[in-house]
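Make a model of the complete structure from these sequences and hints.
Protein chains: 2
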Amino acid sequence: MRRKSAALQIGGFDQVEPVYVGGGHPVVIQTMWKDRLGFADLEGKAGEAVAARIGRLKKMGCGLLRFAVPDTEAAEALGKLAAMVSLPLVADIHFDYRIALRCLDFPIAKIRINPGNIGSAGKVEAVLSKAKAKGRPIRIGVNAGSLPPDLRRLVDQGKMESARALAEAAERELVIFRQFGFSAVLVSMKASGIADTIKANRILAEREEAAAGGSSGLAENPVPPLHIGVTEAGPLIAGVTRSALALGALLAGGIGDTIRVSLSDTMENEVIAGREILRAVPEIAPFPGAPPVRGVRIVSCPRCGRHSFDTHGFTERWLPRLYSLDRDIAVAVMGCAVNGPGEARHADLGITGAGDRVLIFRYGKVIRTVGPEEADKAFAEELEGL
Amino acid sequence: MRRKSAALQIGGFDQVEPVYVGGGHPVVIQTMWKDRLGFADLEGKAGEAVAARIGRLKKMGCGLLRFAVPDTEAAEALGKLAAMVSLPLVADIHFDYRIALRCLDFPIAKIRINPGNIGSAGKVEAVLSKAKAKGRPIRIGVNAGSLPPDLRRLVDQGKMESARALAEAAERELVIFRQFGFSAVLVSMKASGIADTIKANRILAEREEAAAGGSSGLAENPVPPLHIGVTEAGPLIAGVTRSALALGALLAGGIGDTIRVSLSDTMENEVIAGREILRAVPEIAPFPGAPPVRGVRIVSCPRCGRHSFDTHGFTERWLPRLYSLDRDIAVAVMGCAVNGPGEARHADLGITGAGDRVLIFRYGKVIRTVGPEEADKAFAEELEGL
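Note that the protein sequences, when read in sequence, are chains A and B. The letter at position 296 of the first sequence is residue 296 when you use our numbering, and the numbering goes up by one with no holes. The letter at position 77 of the second sequence is residue 77 when you use our numbering, and the numbering goes up by one with no holes.
Worth flagging that the hints you see were computed from the coordinates, not collected in a lab. Don't take every hint at face value.
Unchecked claim - Mimicking DSSO-like on lysine-lysine, the simulated pairs with C-alpha atoms at most 27 Å apart in a straight line are:
(1) B:134 / B:4
(2) A:365 / B:159
(3) A:159 / B:365
(4) B:45 / B:58
(5) B:80 / B:159
(6) A:365 / A:58
As the list claims (entries may be wrong) - Selected chain B positions facing chain A (Cβ under 10 Å, derived; list incomplete):
(7) 264
(8) 307
(9) 368
(10) 369
(11) 371
We treat Cβ as the ideally placed atom computed from N, Cα and C, and that holds for glycine.
So this is what it looks like as structure tokens:
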């Protein structure tokens, strides 16, 4: 059962497209820009390249794109970029609430603040007031590594569980937001530990649901959509493993409206990881409101001594393109003719080797045999013709 | 609760080191050689390079290394290699039982056969007879894509679930093995679907446990150790995601004595993925007999616009070395000084940037500040000195 949460619209003004989070909408995948973005990066060819990359991320399934905004200069640059692209951009702000205020002057679709370091309630209210007037949602982003000092102390003294402190920090902020009548709010509670990540989200989801009068209604206190993710998850393999286990457990329990897979790797790989998690979880825990499984599914064998086709090279070459296709198909890249077509008989399109030839097959039946040098072209034609 | 299974020794003769699978021993990670191996690959410098790579895989945590053996020539080459290294090697044989017989003439530690294609019970018995005389364990490796024809038909006609057919195929073979008094047997049932993989293993684990007289005893019918894995799991990210979810669910339920993460990627990455899964699962499902968490844990941030240190480059450069260290430590690679040392305060050693300097820290306290060009050297020294 997917937990009910309030539906929020993010974007949907100027040239920015609307994205819906919560309220049973499909889970939204997001990622974060990895480098500092200055004005110089947005001019001429450089600016076109940035916009093109964002366009490609969107095609791969990225619904929201976040940027660290460490100072006012970065806010001005992000403001400029936000007017150049249709994907809703999010400003991530720590320490200085005035940067948040400046971001709200631009078509930036959402703000993220960290209650552990943004300062007094008065500063938070200044941001809320302007965001409300502009209709911009805010995410309360709590991190286990930067809890408010009093909660940090309790955790360090062993008087409070880390997961409970995360939920407590988020709830405190929610109280302020509600006193102010600000309802366009999302919450995240991230830890580097898998168990803490799962537990913090479960605690808050239960509390908020109880406050809203049970899972059946949204009543006066709408349940805020939850942004879920594991922080400092590590390099690619460690990060994907840890995120799959943590987000898998939460999504399987109906918790999570938008996800980010944090990796010490590219944004594109974060988006692909998000897709793969959203595709895989319903296989083991189908639940109402699960995001529809969309996009190309790639079936590929690990390759062994029987292979006569370079599956790794082909997969690497074709991955970005396959992940950008808006088609619900399965594509198989198999190493050998002996097992390939049979084991991939459910694939809409497949490719494998047989001696010095390359076979292209559909549902296990070979439809074309070509030389290795024609393989990419032939595969492209058959993909096009599906 | 980790399911009890019979303990098997693999290797432990000639120069081959023993590895123990099942019976509560730590879960063994395995991978598979990705290319055909011929005699030319084993001579002179080429042979030294192959042996060195196998040595590195072992250092990273690989306990068993499998090779496809499609013909007698490949069997002869593998036999030669098996005498060159200490890691137990496994011969993977389809279709022709005579190849299995030939492999048993060499110090090859284990044989894998696929009951779906190895042929009559008489052929299986010929292999069992020789393996028994030599004291070599055998894995019954069932694949959803290559079920025995009658079971395949039942599945295709919708008369039998795929998971049940996998367990049935394994059990049929187990009956033959037992009639023959052959007990050094492991079982795997692999499917490309996560749900089928989980279900097939649960069905067999339950049946075998019941046959052995409940989970408390091993009685006359020892429960065979289970080798678990998802087949055709896909390229790196998809494969790690699917394997983490499937193996995670099984391991959390106490099922699984040896694992392989199949990836359309390198063997090294398969081993790293295995390690990361074995490290992460106990965080959410601690159980008696869980493998000890060993080796370096890498904490690294995804990097954002606040960064002043190339975490990706550093991580990529250091990964193979860190994954080869036999130390139980946490190493943090963080992007910025603002959050880095604080968020990684639990790390034994960490590195991050601050303006144009690089900081090295221990438990959140900076112990050294160097220029970027000295970063690797300084980090190596501190790592050495831990």
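So, going through the hints one by one against the coordinates:
1. B:134 / B:4: With a Cα-Cα distance of about 26 Å, the restraint between residue 134 of chain B and residue 4 of chain B holds, given a limit of 27 Å.
2. A:365 / B:159: The hint holds at about 24 Å.
3. A:159 / B:365: 24 Å, holds
4. B:45 / B:58: 20 Å, holds
5. B:80 / B:159: With a Cα-Cα distance of about 46 Å, the restraint between residue 80 of chain B and residue 159 of chain B is violated, given a limit of 27 Å.
6. A:365 / A:58: Given that 27 Å is the threshold and the Cα spacing comes to 34 Å, the pair is violated.
7. 264: 4 Å, holds
8. 307: 7 Å, holds
9. 368: For residue 368 of chain B, the interface hint is violated, since the closest Cβ of chain A sits about 21 Å away, which is over 10 Å.
10. 369: 21 Å, violated
11. 371: Residue 371 of chain B check fails; min Cβ-Cβ to chain A is 20 Å, beyond 10 Å.
Consistency with the previously given hints fails for numbers 5, 6, 9, 10, 11, ordered from lowest to highest.
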